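Engineer: First to last, the sequence lines map onto chains A and B. Heads up: the first sequence at position 155 corresponds to 155 in my numbering, and the numbers run straight through without jumps. Heads up: the second sequence at position 312 corresponds to 312 in my numbering, and the numbers run straight through without jumps.
Just so you know, the hints here were simulated from the structure itself, not pulled from any lab data. Heads up, a few of these hints could be off.
A few chain B residues facing chain A, derived, Cβ under 10 angstroms [to be verified]: (1) R46; (2) V69; (3) I70; (4) R73; (5) R78; (6) V79; (7) G80; (8) F81; (9) Q84; (10) F95; (11) R105; (12) P106; (13) I156; (14) V221.
This structure is a prediction, so every number in the text was calculated from the model and none was measured. Beta carbons are placed, not taken as given, at the ideal position from N, Cα and C, and that holds for glycine.
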Amino acid sequence: MRAYRFKQFSVLPGFWPAFSASTLYLTLIVLVPLSAIFLRTATADWAHLWKVVSSPQVVASYKLSFGASLVAAVVNAVFGFLVAWVLVRYSFPGKRLVDSIIDLPFALPTAVAGIALTTIYVDGGWVGRVLSRWGIHVAFTPIGVTVALIFVGLPFVVRAVQPVLAETDRDIEEAAHSLGATRWHTFRRVVFPLARPAVLAGFAMAFARGLGEYGSVVFISGNMPMKTQIAPLLIVTRLEQYDYAGATAIAVVMLLASFLMLLVINALSSADRGKGAR
Amino acid sequence: MSIEARNITKTFGRYAALRDVSLTVNEGELVALLGPSGSGKTTLLRIIAGLETPDAGTGGAVLFDGRNVIDDRVGERRVGFVFQHYALFRNMTVFENIAFGLRVRPRKERLPEEKIRERVRELLELIQLESLAARFPSQLSGGQRQRVALARALAIEPKVLLLDEPFGALDAKVRQGLRTWLRKLHDTVHMTSLLVTHDQDEALEVADRVVVMNQAHIEQVGTPEEVFHHPASEFVMDFMGAVNLFHGRIESGKAVFGPLVLDHAGSAASDGQAARLFVRPYDLDITHRPGGEPGICARVTRVQAAGPHVRVELRAESGEAVVVEMPHAQFRAARVHAGDDVYVSVRDARIFTEDYSI
Numbered sequence: 001m002r003a004y005r006f007k008q009f010s011v012l013p014g015f016w017p018a019f020s021a022s023t024l025y026l027t028l029i030v031l032v033p034l035s036a037i038f039l040r041t042a043t044a045d046w047a048h049l050w051k052v053v054s055s056p057q058v059v060a061s062y063k064l065s066f067g068a069s070l071v072a073a074v075v076n077a078v079f080g081f082l083v084a085w086v087l088v089r090y091s092f093p094g095k096r097l098v099d100s101i102i103d104l105p106f107a108l109p110t111a112v113a114g115i116a117l118t119t120i121y122v123d124g125g126w127v128g129r130v131l132s133r134w135g136i137h138v139a140f141t142p143i144g145v146t147v148a149l150i151f152v153g154l155p156f157v158v159r160a161v162q163p164v165l166a167e168t169d170r171d172i173e174e175a176a177h178s179l180g181a182t183r184w185h186t187f188r189r190v191v192f193p194l195a196r197p198a199v200l201a202g203f204a205m206a207f208a209r210g211l212g213e214y215g216s217v218v219f220i221s222g223n224m225p226m227k228t229q230i231a232p233l234l235i236v237t238r239l240e241q242y243d244y245a246g247a248t249a250i251a252v253v254m255l256l257a258s259f260l261m262l263l264v265i266n267a268l269s270s271a272d273r274g275k276g277a278r
Numbered sequence: 001m002s003i004e005a006r007n008i009t010k011t012f013g014r015y016a017a018l019r020d021v022s023l024t025v026n027e028g029e030l031v032a033l034l035g036p037s038g039s040g041k042t043t044l045l046r047i048i049a050g051l052e053t054p055d056a057g058t059g060g061a062v063l064f065d066g067r068n069v070i071d072d073r074v075g076e077r078r079v080g081f082v083f084q085h086y087a088l089f090r091n092m093t094v095f096e097n098i099a100f101g102l103r104v105r106p107r108k109e110r111l112p113e114e115k116i117r118e119r120v121r122e123l124l125e126l127i128q129l130e131s132l133a134a135r136f137p138s139q140l141s142g143g144q145r146q147r148v149a150l151a152r153a154l155a156i157e158p159k160v161l162l163l164d165e166p167f168g169a170l171d172a173k174v175r176q177g178l179r180t181w182l183r184k185l186h187d188t189v190h191m192t193s194l195l196v197t198h199d200q201d202e203a204l205e206v207a208d209r210v211v212v213m214n215q216a217h218i219e220q221v222g223t224p225e226e227v228f229h230h231p232a233s234e235f236v237m238d239f240m241g242a243v244n245l246f247h248g249r250i251e252s253g254k255a256v257f258g259p260l261v262l263d264h265a266g267s268a269a270s271d272g273q274a275a276r277l278f279v280r281p282y283d284l285d286i287t288h289r290p291g292g293e294p295g296i297c298a299r300v301t302r303v304q305a306a307g308p309h310v311r312v313e314l315r316a317e318s319g320e321a322v323v324v325e326m327p328h329a330q331f332r333a334a335r336v337h338a339g340d341d342v343y344v345s346v347r348d349a350r351i352f353t354e355d356y357s358i
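Working from the sequences, and respecting the hints, build out all of it.
Structural biologist: This is how it looks when you write it as structure tokens:
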């Protein structure tokens, strides 16, 4: 068992001010608002809350929110890694431009993204027209929700992986090649394991972002009950009906579930990072 | 296995790293590629390994035992390559690092697990790190890491061993120890080896032959004794250790440097041509009175008696700084002190004249 010690001696002063300031900051910005949700839920009638949370419509929205976020995060983990790899390893004209485009989903108001995606992916849109010929409908289906979440989650993986790949020396790959490893072996056993903690961290952030995303999804999903309603939408709907307790109940379930998932992913990530850390 | 590099030319953009360089390393030999940074020595090593390719259309070839391997990829050439910064896989233990080359072989060539373990244990014994097999690279010292890197390279039973400044990132004492160890290792396994270094002591001490490189070409190839005692050019003379430089000219078959007149017969140099005299600090003598030998008048500026030799710094009448090194016994006999006016005579020197053939 690791013994936790409160203060690590350091010649540099400033542990207590820094520690107190960050604790205070976290309390004000994160803990107080979040505990308000719990308190609000606790004041309500439990039977009512359980009815809200276990209603088929809400359960379906949980499934969609977690399922679509998970798929989107997986897709982003794969392609985000690829994009980061290309940006780190190759130089090509317009590289800086591409590099700044990555951050656009951060900066763009999510409603704008939602409207743009919907316009492209509806059955008559640029992309939707082609896809609908194959019987694939994106807008107003769970696929559309996933596409929107992929869009908003992309920067997280790219920005998490990029610095790690950049600081991995070429000579490690060269060493693997000189020892007879194929490109695939080199990637699977040498390059990827080094980047894996960062990929996991990016995956976790993209996933969390997907769970909370509202603006871009509500346009492309069509918000059909039992089919394309995401959990945040149901929260807003409850609020509009002045059912604050019901809204917070849906929120508490999401909060607990996402907290658990992030905890597990971060634990995996740091266990991975701890192995052979410098 | 012998290595031959033939007519290698390599340019990076507009910068020429190698200009038509050819080199042969005989079976079982340990050859050092010696030169300052930017001389092309690492590029040549990487081309031999297959990590770089010579410029297209220049007809460069790399031959292992007479067979051209220029189109073989690095993994197919079966070379053991050791990198300056170790390039260990930091997500793997020492054991797994060494086993890597054995584990990535295609299934039908792969040794059974028990054989792999046996081989790794042998290599751990060779590098004297049996007890650290389960450690990660981050838990090792620099010298230990480089030994692991060497064992990892040897695990694939390479035909040649290529070392790129293997001790460059280590401190002086560890470097000295590993140098001796590497030479011993080479004497036991007798693998054809090529070592890149910018440290002339390392090259002279370890190698059977030394290849001195400068500005994308080879200046001289020879045994350590040859390149040290018979440098083929001013560059080699200068690179092999401290030298004193005097300027003079050729006059009727003799090289004249102020009061010093040295025989320079048998050379093609014509009268009036500029000449430069290179003298090692230990090839100079200091006397208080002009003796039989002609000497340069100089004033002692500083005496440094700590170390295996006494180092005397002087300023010649003509303004040049001169450094003389002598054994302590000789220093005591000469009774030299700072501020003394003395005569400096030359015991042995190399004369280089301007080469107009370039």
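Engineer: All the hints need checking, so say for each whether the structure fits it.
Structural biologist: Evaluation of the provided hints:
1. For B:R46, the interface hint holds, the least distance from its beta-carbon to any beta-carbon of chain A being 9 angstroms, beneath 10 angstroms.
2. Against a cut-off of 10 angstroms between C-beta atoms, the interface hint on B:V69 is violated, since the closest Cβ of chain A lies about 13 angstroms away.
3. Taking 10 angstroms as the C-beta cut-off, the interface hint given for B:I70 is violated, the closest approach to chain A being about 16 angstroms.
4. Interface hint status for B:R73: upheld, as the beta-carbon distance to the closest one in chain A is roughly 7 angstroms, under 10 angstroms.
5. The criterion of a C-beta within 10 angstroms of any C-beta in chain A is met by B:R78, whose closest approach is roughly 8 angstroms, and the hint holds.
6. Residue-level restraint check for B:V79 holds (minimum Cβ-Cβ distance to chain A is 6 angstroms; threshold 10 angstroms).
7. Of the supplied interface hints, the one on B:G80 holds, with its beta-carbon coming within about 8 angstroms of a beta-carbon of chain A, less than 10 angstroms.
8. Given hint, B:F81 at the interface with chain A, holds; its Cβ is 4 angstroms from that chain's nearest Cβ, closer than 10 angstroms.
9. Among the interface hints, the one on B:Q84 holds; its C-beta lies about 8 angstroms from the nearest C-beta in chain A, closer than the 10 angstroms criterion.
10. Against a cut-off of 10 angstroms between C-beta atoms, the interface hint on B:F95 is violated, since the closest Cβ of chain A lies about 12 angstroms away.
11. Given the 10 angstroms rule on beta carbons, the hint for B:R105 holds: about 6 angstroms separates it from the nearest Cβ of chain A.
12. A cut of 10 angstroms between beta carbons decides the hint on B:P106: the least distance to chain A is about 9 angstroms, and the hint holds.
13. Using the Cβ-Cβ criterion of 10 angstroms, the hint placing B:I156 at the interface with chain A is satisfied: the shortest such distance is roughly 6 angstroms.
14. For B:V221, the interface hint is violated, the least distance from its beta-carbon to any beta-carbon of chain A being 26 angstroms, above 10 angstroms.
Checked against the numbered hints given earlier, the structure breaks hints 2, 3, 10, 14 and satisfies all the rest.
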